[in-house]
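Residue numbers (numbering that gives the first Met the number 0), protein chains in the order written: chain A, 0 to 564; chain B, 0 to 564.
Derived from the structure by calculation, the hints contain no laboratory data.
Note that the structure is a prediction, hence the values are computed from the model and not measured.
Just so you know, not all the hints are guaranteed correct.
[Stated by the list, open to error] In silico EDC-like cross-links for lysine to aspartate or glutamate, where the CA-CA straight-line distance does not exceed 16 Å:
hint, chain 1, residue 1, chain 2, residue 2
1, B, LYS81, B, GLU6
2, B, LYS407, A, GLU329
3, A, LYS407, B, ASP49
4, A, LYS407, B, GLU48
5, B, LYS407, A, ASP14
Below are the chains, spelled out letter by letter.
2 protein chains.
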Amino acid sequence: MITIQHERRPGVYYDSVVLMQLQRALVELDGVMDAGVVMATQANLDLLEDTGLPIKDVEARPEDLLIVIKAKSKSTADEALKQVDALLTRRRSAAASTYRPRSLDAAVDQLPQANWVLISIPGRYAASVSRHALEAGKHVFLYSDNVSLEDEIALKHYGREHGLLVMGPDCGTAIINGVGFGFANRVRRGAIGLVGASGTGLQAITTAIHHLGKGISHALGTGGRDLKREVGAICARQALDLLAHDPTTEVIVLVSKPPDPDVAASLLAAARQTGKPMVINFIGYAAPTRQIDNLYFAQTLQESAERAVALIGRAGNATTPTHQSSGPQERKYLRGLFSGGTLAIETTRGLVALLGNVHTNLSGTGASLLDDPLVSQGHTVLDLGEDVFTVGRLHPMIDNDLRMRRMKQEADDPQVALLLLDVVLGEGAHPDPASELAPLISEVREQHQVEVAVLLIGTDEDPQGLDRQHESLEAAGVAVFTDTMSLVSHAVACLGVEVSDEAPPVNLESLTSSVAAINIGLETFYDSLSEQGAEVVQVDWRPPAGGDERLMDILSKMNSSGKNE
Amino acid sequence: MITIQHERRPGVYYDSVVLMQLQRALVELDGVMDAGVVMATQANLDLLEDTGLPIKDVEARPEDLLIVIKAKSKSTADEALKQVDALLTRRRSAAASTYRPRSLDAAVDQLPQANWVLISIPGRYAASVSRHALEAGKHVFLYSDNVSLEDEIALKHYGREHGLLVMGPDCGTAIINGVGFGFANRVRRGAIGLVGASGTGLQAITTAIHHLGKGISHALGTGGRDLKREVGAICARQALDLLAHDPTTEVIVLVSKPPDPDVAASLLAAARQTGKPMVINFIGYAAPTRQIDNLYFAQTLQESAERAVALIGRAGNATTPTHQSSGPQERKYLRGLFSGGTLAIETTRGLVALLGNVHTNLSGTGASLLDDPLVSQGHTVLDLGEDVFTVGRLHPMIDNDLRMRRMKQEADDPQVALLLLDVVLGEGAHPDPASELAPLISEVREQHQVEVAVLLIGTDEDPQGLDRQHESLEAAGVAVFTDTMSLVSHAVACLGVEVSDEAPPVNLESLTSSVAAINIGLETFYDSLSEQGAEVVQVDWRPPAGGDERLMDILSKMNSSGKNE
Chain A
0 MITIQHERRP GVYYDSVVLM QLQRALVELD GVMDAGVVMA TQANLDLLED
50 TGLPIKDVEA RPEDLLIVIK AKSKSTADEA LKQVDALLTR RRSAAASTYR
100 PRSLDAAVDQ LPQANWVLIS IPGRYAASVS RHALEAGKHV FLYSDNVSLE
150 DEIALKHYGR EHGLLVMGPD CGTAIINGVG FGFANRVRRG AIGLVGASGT
200 GLQAITTAIH HLGKGISHAL GTGGRDLKRE VGAICARQAL DLLAHDPTTE
250 VIVLVSKPPD PDVAASLLAA ARQTGKPMVI NFIGYAAPTR QIDNLYFAQT
300 LQESAERAVA LIGRAGNATT PTHQSSGPQE RKYLRGLFSG GTLAIETTRG
350 LVALLGNVHT NLSGTGASLL DDPLVSQGHT VLDLGEDVFT VGRLHPMIDN
400 DLRMRRMKQE ADDPQVALLL LDVVLGEGAH PDPASELAPL ISEVREQHQV
450 EVAVLLIGTD EDPQGLDRQH ESLEAAGVAV FTDTMSLVSH AVACLGVEVS
500 DEAPPVNLES LTSSVAAINI GLETFYDSLS EQGAEVVQVD WRPPAGGDER
550 LMDILSKMNS SGKNE
Chain B
0 MITIQHERRP GVYYDSVVLM QLQRALVELD GVMDAGVVMA TQANLDLLED
50 TGLPIKDVEA RPEDLLIVIK AKSKSTADEA LKQVDALLTR RRSAAASTYR
100 PRSLDAAVDQ LPQANWVLIS IPGRYAASVS RHALEAGKHV FLYSDNVSLE
150 DEIALKHYGR EHGLLVMGPD CGTAIINGVG FGFANRVRRG AIGLVGASGT
200 GLQAITTAIH HLGKGISHAL GTGGRDLKRE VGAICARQAL DLLAHDPTTE
250 VIVLVSKPPD PDVAASLLAA ARQTGKPMVI NFIGYAAPTR QIDNLYFAQT
300 LQESAERAVA LIGRAGNATT PTHQSSGPQE RKYLRGLFSG GTLAIETTRG
350 LVALLGNVHT NLSGTGASLL DDPLVSQGHT VLDLGEDVFT VGRLHPMIDN
400 DLRMRRMKQE ADDPQVALLL LDVVLGEGAH PDPASELAPL ISEVREQHQV
450 EVAVLLIGTD EDPQGLDRQH ESLEAAGVAV FTDTMSLVSH AVACLGVEVS
500 DEAPPVNLES LTSSVAAINI GLETFYDSLS EQGAEVVQVD WRPPAGGDER
550 LMDILSKMNS SGKNE
């Protein structure tokens with residue numbers, strides 16, 4: 000009679016490779032139909048049940064090991080369970096055939112030139128080991144997941160202050176100086192550097208670049224949470240700086256799961272200032288445009304690869320943004336007064352991407368909604384065609400009165416440096432908008448040191464005369480543009496964006512010297528590094544106190560330096 | 000002494016052009032420094048105050064006209080207020096010089112061939128007049144804003160049932176057969192047709208197409224709310240169908256303010272089936288890709304124009320999607336079982352765009368979150384690398400066990416037609432995934448009539464052997480792809496998407512016959528239509544009961560057919 004038997008081993012630690020191998024060995028035994036070897040989390044209990052290995056009345060205790068056997072008879076199942084220790088011992092003796100240090104300190108003694116520590120032990124032990132590695136002056140590649148956000152923040156702040164990278168937690172992929180860490184494809188070396196808060200993102204893009212005949216300088220993973228507000232892209236920022244200074248990297252690709260909008264804006268500001276062509280793939284991010292200055296927004300992993308490849312050799316063409324601002328200024332804000340709603344939205348979205356904090360009366364732009372559309376705050380973009388402004392009044396495309404009154408009001412604000420306007424020509428619109436706007440613009444520029452830029456939409460056939468409008472506005476000292484992103488680029492350059500980072504840079508040698516690494520956790524990563532020709536030491540790591548949570552706690556209190564692993 | 004005086008005229012209706020002209024005439028009087036002529040809404044009272052014309056202790060009554068004078072003395076101000084009637088009369092007699100019908104019915108008698116009615120009277124009167132126009136069998140261009148959503152829905156449903164377009168409310172722009180309605184630029188005629196829930200969006204794109212040397216067949220506005228859930232894109236759908244059948248339209252551009260996701264998905268499904276190359280610019284929408292099948296996603300108005308122009312003459316190259324589905328099927332859902340999180344996200348985003356309703360355990364995809372990741376619902380895409388699946392277990396890139404168990408589970412579901420998998424090669428990954436997956440895939444295909452498609456990520460240098468993996472999967476009957484959007488395109492084609500619309504189509508003659516129109520509201524639109532050579536009649540419209548709200552209400556009850564204007 001088919002039966003399902005199980006055994007629970009409380010508080011025993013084995014790494015996941017051992018568990019997988021045990022499960023496979025059990026399935027291969029005569030009479031065994033299926034087997035499951037898992038830690039006894041609730042999720043794993045549910046999974047066992049859903050995949051045909053239900054066990055009843057078992058309490059979830061995540062620190063316990065659970066071994067489940069489905070067999071043709073109870074005696075076969077019991078016999079299989081009796082084999083467990085023998086199967087585990089077989090595995091152990093194979094691993095013990097070479098000398099392996101049992102601690103990080105011993106590994107450092109054995110390979111002092113190690114510049115990287117790879118950590119893939121269970122999440123609850125990973126933060127403490129990572130801290131230890133950082134204190135030893137090593138960069139950390141932290142593959143482990145289930146590490147708390149608090150631990151991630153603390154580790155990354157420590158790393159930032161000491162010029163060390165903390166790639167992860169949950170960092171699946173990196174390629175450093177030609178050597179793949181974790182999951183990494185074997186790709187040609189070349190001119191494209193990558194920063195990724197997405198492991199398979201890095202894999203898919205590097206693979207596609209290889210297929211397109213080009214190669215990779217370095218690929219730096221950051222862990223999937225790096226661009227969240229709480230972490231603030233510490234690792235991505237360090238990685239970006241490294242690649243910006245790396246002479247072999249011509250083009251940079253930045254890929255991330257959906258970032259926090261403010262973090263995205265400050266990262267884009269930093270990216271913009273590297274001057275290197277940069278392909279941005281913020282997955283699920285509604286990019287404001289396809290290109291602005293040296294930033295190229297891509298929507299898929301495949302497109303990221305294609306655009307990066309197309310940009311090789313074109314670095315000289317990238318518009319390196321100029322900084323017209325010199326230190327803190329009185330007049331630092333822009334005010335956009337638009338008659339066209341969509342033009343206002345598109346402009347606002349561009350400004351939000353590069354400046355971060357913008358206010359508006361428009362929804363759906365990512366900018367903050369103004370409390371009162373009659374009072375501007377900081378950078379503000381207004382659609383004056385919104386209902387509140389047009390009740391019993393002509394649309395601002397026909398009647399400039401309201402907009403001109405608001406222009407005066409904004410220019411009177413001593414914090415305003417720049418006014419943005421749209422001028423839309425065509426049927427139905429004001430017969431000669433420049434005749435009304437230009438004199439006021441001249442006045443505003445002379446009396447208030449406020450600059451004015453205009454987005455001019457119209458054709459040579461429009462009744463207002465496109466050339467005449469253009470000339471009249473330029474004569475008043477206006478910078479005239481015909482698409483929103485040129486206007487945005489101009490505005491950001493006029494205002495300047497301060498990007499400061501006081502932290503010590505990561506030494507470029509981390510990338511350029513040959514890879515020497517200490518691996519703590521999955522042995523498959525050790526094997527992979529060895530095969531790639533890297534110097535690597537495997538630590539025969541065991542959890543403190545054999546994984547006994549209470550004893551660990553006591554040990555941890557006895558040794559507060561955190562060096563107890 | 001400078002003084003500000005005002006006069007309130009209760010319940011008097013003038014159109015906005017008259018108010019603007021009155022204000023200008025007042026400002027030109029000797030001794031008058033500034034003047035404001037507005038309906039007494041709270042917003043307008045605030046605006047008067049903010050622009051230097053504050054008046055105290057005035058209650059907001061939106062139906063009242065407010066005239067404010069700032070003058071060098073009280074006597075000058077009073078004198079100016081006394082001129083108001085004379086200035087208004089001057090205006091009236093100019094307008095009265097030609098015969099004008101006072102009602103829509105009289106206008107229809109005068110120009111029975113009129114196919115369009117343009118309506119730009121105040122919002123509170125606009126729905127009733129629009130209804131009347133539809134009942135007379137005319138298409139409506141509804142420029143008025145401040146029309147309720149309920150009225151918009153009712154009008155559009157009526158229009159849809161009768162094959163009539165309701166463009167608006169708040170529709171600023173259209174170009175029908177070369178004639179601009181409302182605000183429209185004068186552009187070359189050509190092969191690009193546009194549908195826009197964004198007036199300045201249409202203006203900016205048509206203008207840019209003109210600058211690029213190409214032209215417009217027709218541009219159809221829908222009003223900014225058309226793609227909201229409540230309205231369901233009724234007008235956009237009619238407009239899309241019209242352009243799909245219009246022989247002069249080779250390429251279609253669809254521009255809209257951020258749409259409701261489900262409305263977007265059903266509109267994209269309809270767009271996909273037209274087979275014509277279609278540029279989509281859903282402003283602020285995080286498009287899943289740059290191109291899939293005949294759909295091209297653009298991020299800015301300028302890019303929309305550039306891509307549309309580039310697509311002219313390439314209609315033959317567009318992949319017209321094939322429908323492999325034939326009527327309702329038992330097996331209709333797909334299940335994606337991914338090891339790479341970003342690959343799962345990208346695939347899900349593509350599927351959401353084209354299928355609408357997809358479930359997932361991933362955040363940030365636009366899909367619905369599964370209640371329980373262990374139980375799939377409808378179309379489901381899972382990242383099996385998520386924490387819940389990996390505690391005490393190897394990552395699915397190394398260990399196929401969990402994924403294979405789930406594959407069997409999904410194949411057992413009689414509603415499942417298609418399984419999607421990723422197979423990621425490279426360092427650290429399983430040494431030969433196809434050797435485990437291919438036999439199971441063969442079994443699943445044979446026993447359950449479930450098809451399988453695989454996204455294969457790897458290079459020719461990867462240790463697993465890319466070609467060998469590829470061949471082994473194909474031999475098991477798998478469709479193999481190397482980028483997510485090819486996988487998505489295949490999946491959507493396999494499943495088929497039902498796009499049905501029972502409503503009668505809008506007669507194509509609406510676009511191809513020469514424009515004859517009735518204009519109710521802004522005279523500038525009448526002037527513009529006349530100048531463009533269209534046949535047009537201006538209605539000398541007055542609100543019922545002279546704008547008296549109570550009397551209007553009584554009249555409306557007396558004449559419930561709504562023909563009382």
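How the hints compare with the structure:
| no. | hint | result |
| --- | --- | --- |
| 1 | B:LYS81 <-> B:GLU6 | holds, 10 Å |
| 2 | B:LYS407 <-> A:GLU329 | violated, 67 Å |
| 3 | A:LYS407 <-> B:ASP49 | holds, 11 Å |
| 4 | A:LYS407 <-> B:GLU48 | holds, 14 Å |
| 5 | B:LYS407 <-> A:ASP14 | violated, 27 Å |
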